[in-house]
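A.B. asks: Sequences listed follow chains X and S, in order.
Note that the numbering used here numbers the first sequence so that position 269 is 269, with each residue one more than the last.
Note that the numbering used here numbers the second sequence so that position 342 is 342, with each residue one more than the last.
Just so you know, these hints were derived from the structure itself, not from any lab.
Careful, some of the hints might be misleading.
Unchecked claim - Within a straight-line C-alpha distance of at most 25 Å, the following computed SDA-like cross-link-like pairs (lysine to any residue) qualify: (1) S:Lys106 to X:Phe190; (2) S:Lys73 to X:Arg191; (3) S:Lys259 to S:Ala245; (4) S:Lys106 to X:Ile194; (5) S:Lys259 to S:Ala355; (6) S:Lys73 to X:Leu114; (7) S:Lys106 to X:Arg191; (8) S:Lys73 to X:Phe193.
Said to hold, decoys possible - Pulled a few chain S residues facing chain X out of the computed Cβ check, cut under 8 Å: (9) Ala49; (10) Gly135; (11) Gly136; (12) Gln272.
Claimed, not checked - Each pair of labels, with its calculated beta carbon distance range: (13) S:Val64 to X:Phe108: 32 to 40 Å; (14) S:Arg128 to X:Arg142: 58 to 66 Å; (15) X:Ser271 to S:Asp65: 23 to 31 Å; (16) S:Tyr12 to X:Ser271: 45 to 53 Å.
The beta-carbon is built from N, C-alpha and C at its ideal position, and this holds for glycine as well.
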Amino acid sequence: MTHKTKAVLLLGIPTAYLVLLFILPIISLIVLSFWKTESYHLVYEWNIQNYVTVLTEGAYLTFLIRSIVVSVIVSVLATAIGWIAAYAIWTYGGRFRLLLALAFAVPFFTGEVLRVIALQGLLGPVGLINGTLMKWGFAPVRALMYSNVASGIGLFYLYLPIAVTVIYLSLLNLDRRLIDAAKIFGAGGFRSFIEITFPLNLVGTLIAFALCFIPCMSATLSPRFLGGPNGTLYGMAMAQQFGESGTWALGAAMGVILFLFSLLAVVLIASCLDLRRTGFTGFGRN
Amino acid sequence: MYISLEGISKRYAAVTAVDEVDIAIGKTEFVSLLGPSGSGKTTLLRIIAGLERPTTGRVLIDGVDVTDLPPHKRGIAMVFQEFLLFPHRTVRENLAFPLRMQQLSKEEIASRVAWAAGILSLEGLEDRYPNQLSGGQQQRVALGRGLVAHPKVLLLDEPLANLDRELRQEMEVEIRRYQMQLGIPFIYVTHNQEEAMSMSDRIAVVSKGRIEDFAERSEVYDHPKTAFIAQFVGRSSHFNGTVSAVSSEGASVDISGVKLHVSRNANLKAGQRVVVFVKNEKVQLEARTDTARANSIDCRIKDIILRGAYAEYILDAPALGAELVATRPRSETVFTAGQEVRAFWSGDAPDIFPADKAA
Ligand SMILES: Nc1ncnc2c1ncn2[C@@H]1O[C@H](COP(=O)(O)OP(=O)(O)OP(=O)(O)O)[C@@H](O)[C@H]1O
Ligand SMILES: [Mg+2]
């Protein structure tokens with residue numbers, strides 16, 4: 001096989017995959033968002049009414065803003081706690097490092113629905129926490145019952161393992177001897193973290209953040225089972241358009257807006273980032 | 001003494017990497033730790049740096065016991081074999097790093113960085129990142145980062161290992177010059193004896209975690225204290241033999257029937273098994289004659305290797321059942337391969353050691 005055919009094959013397959021499974025669905029979603037749905041039927045009539053609805057109707061804006069707030073808080077917390085956990089494993093894990101890192105992924109084995117239901121059992125009115133409190137004669141913690149806090153806890157619980165894993169993998173790539181070098185040249189523990197460890201894992205940190213933030217924005221399960229009446233988040237509202245309401249075109253418009261928003265966020269972060277300042281070698285030696 | 005290691009040992013489970021090391025180094029000394037791979041040189045350096053805790057013993061720098069101090073409080077600097085430049089910092093920032101940690105003024109930092117860039121020919125590269133530099137340039141930045149810090153002691157772990165011969169020899173001279181300029185001790189780890197010889201005041205020969213000898217470089221070269229040093233330092237041929245007689249003049253050694261005279265007798269006893277080392281440059285050659293000569297062996301030139309101003313004659317000595325090598329200046333009589341010659345040396349040329357301690 002010539003070098004060229006190899007290149008065509010190796011690059012062609014992922015390209016074809018991307019086109020088929022990513023670009024095409026996005027295009028069909030965009031097209032759908034410019035049509036409309038009337039009483040559970042799709043009407044092929046070009047219009048921008050869906051976008052007007054999403055961007056002007058109070059409810060959708062509320063969902064969007066609420067989602068952004070919840071997602072930012074959850075992702076910041078997950079990234080911060082993820083850092084602490086990953087750093088602890090990396091530093092003190094010794095022989096059990098790999099095992100500990102994998103342990104964070106164990107909840108994944110049960111699937112997302114079960115995990116959220118399990119949390120409902122823990123946080124709900126008759127759940128483990130409030131149930132125990134009431135049994136001992138204390139008042140239940142209302143913030144934990146069907147609230148945004150509860151659905152935030154759910155999201156945190158769902159995506160923390162991702163943050164830990166991503167940051168841990170990033171740390172594995174770090175040459176510890178660079179920290180030795182920093183110490184030799186006069187940096188204490190904290191200082192060498194600020195000067196060396198953190199900047200060299202900034203890309204990993206941002207990826208961890210994004211991998212929490214984006215699914216939080218489109219989350220449906222956690223707000224549905226834990227969020228309560230005032231806990232509707234954007235992703236959940238979007239899912240409803242495709243389900244109960246049957247307003248697919250509106251749902252598609254919401255999807256496009258979410259997609260653009262996520263894209264914008266990623267582009268914004270990337271444009272503020274000078275990869276050379278992170279020692280990022282994803283581009284190899286240049 | 002400015003730096004002292006007292007009874008330093010380091011054990012990892014089954015391995016003893018450093019074994020009861022005692023050395024003391026003066027304030028303006030250039031000291032090399034010379035030893036083969038795995039002998040414990042890096043471990044010893046890391047113990048001085050504070051990156052490794054000794055299992056036993058104390059480290060003193062400038063009269064202060066620093067055994068329990070972390071590296072950043074020891075006021076030292078180090079040039080690593082693998083450079084370990086900070087990949088996310090430019091050359092300028094790498095050089096400035098130790099100075100920022102010392103909280104020096106902006107002006108002082110700028111002037112020291114400029115000084116380092118100047119002496120190391122790094123001008124014009126200050127704004128590059130390490131991965132935009134050649135190996136030799138990275139090496140010089142690593143060296144510069146150690147020098148600008150004006151540390152109490154500079155530790156160097158095979159800093160020239162990745163350079164080509166020419167650049168290495170140039171750097172050897174430079175490094176020695178900076179050491180004298182700064183007036184601080186340099187502890188230089190290497191497994192390359194030429195490097196150690198060219199720069200050091202004193203050389204500590206390390207083998208299996210122990211210091212075999214710690215002495216002036218010429219002493220180490222001319223009067224090796226152990227068979228290991230004789231083997232490791234300089235190039236030599238060696239033969240196993242038996243002491244046949246001892247006198248106040250020295251010893252006679254029988255090597256497969258050939259009698260040699262060694263004017264150092266090193267407390268030998270008749271009948272003792274010994275190893276005799278002769279440095280290549282101490283072996284002389286002459287055309288075959290019938291006149292008798294002490295310490296001479298008939299040989300045939302098997303091969304000739306040219307090394308600049310010197311020729312290395314690989315000699316086959318059937319009487320010894322061994323090969324030996326003579327390194328002669330090319331200005332001397334030139335012999336040709338295949339020629340029958342006679343190799344000889346003066347009685348004080350060989351170094352002799354009891355065989356049980358042979359390397
Ligand atoms: N962390 C460690 N755990 C176990 N053994 C170690 C460790 N570090 C070093 N050793 C062992 O200690 C001995 C000395 O190692 P060291 O790195 O000091 O050798 P060196 O003289 O620097 O060798 P080189 O010239 O190859 O760099 C070796 O046998 C090595 O395997
Ligand atoms: Mg080493």
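A.B. asks: Next, verify each hint and record whether it holds.
C.D. replies: Taking the hints in turn, this is what the structure says about them:
1. Proximity of Lys106 (chain S) to Phe190 (chain X) is assessed by CA-CA distance (about 22 Å); at most 25 Å being required, the pair is judged to hold.
2. As the CA atoms of Lys73 (chain S) and Arg191 (chain X) are separated by approximately 13 Å, the hinted pair is consistent with the 25 Å bound.
3. A threshold of 25 Å between alpha carbons decides the hint, and for Lys259 (chain S) with Ala245 (chain S) the separation of about 10 Å falls inside it, so the pair holds.
4. At most 25 Å may separate the alpha-carbon atoms for a hinted pair to count; Lys106 (chain S) and Ile194 (chain X) meet this at roughly 20 Å.
5. Restraint check: the Cα-Cα separation between Lys259 (chain S) and Ala355 (chain S) comes to about 17 Å, which is no more than 25 Å; the hinted pair holds.
6. At most 25 Å may separate the alpha-carbon atoms for a hinted pair to count; Lys73 (chain S) and Leu114 (chain X) exceed this at roughly 52 Å.
7. Between the alpha carbons of Lys106 (chain S) and Arg191 (chain X) the distance comes to roughly 19 Å, so the proposed pair stays at or under 25 Å and holds.
8. For the given pair, Lys73 (chain S) sits about 17 Å from Phe193 (chain X) by alpha-carbon distance, which is consistent with the 25 Å threshold.
9. A least Cβ separation of about 6 Å between Ala49 (chain S) and chain X falls short of the 8 Å threshold, and the interface hint therefore holds.
10. At a threshold of 8 Å, the smallest CB-CB gap from Gly135 (chain S) to chain X is about 12 Å, leaving the interface hint violated.
11. Evaluation of the Gly136 (chain S) hint against chain X yields a violated restraint, the C-beta minimum of about 16 Å exceeding 8 Å.
12. For Gln272 (chain S), the shortest C-beta to C-beta distance to chain X is roughly 48 Å, which exceeds 8 Å, and the interface hint is violated.
13. Our hint of 32 to 40 Å for Val64 (chain S) and Phe108 (chain X) is violated, since their Cβ atoms are close to 53 Å apart.
14. The hint said 58 to 66 Å for the Cβ distance between Arg128 (chain S) and Arg142 (chain X), and at roughly 59 Å that hint holds.
15. A hinted range of 23 to 31 Å is violated for the C-beta pair Ser271 (chain X) and Asp65 (chain S), which are about 53 Å apart.
16. For the pair Tyr12 (chain S) and Ser271 (chain X), the beta carbons lie near 48 Å from each other, so the given range of 45 to 53 Å is met.
Violation of the numbered hints given earlier is confined to hints 6, 10, 11, 12, 13, 15; the remaining hints are satisfied by the structure.
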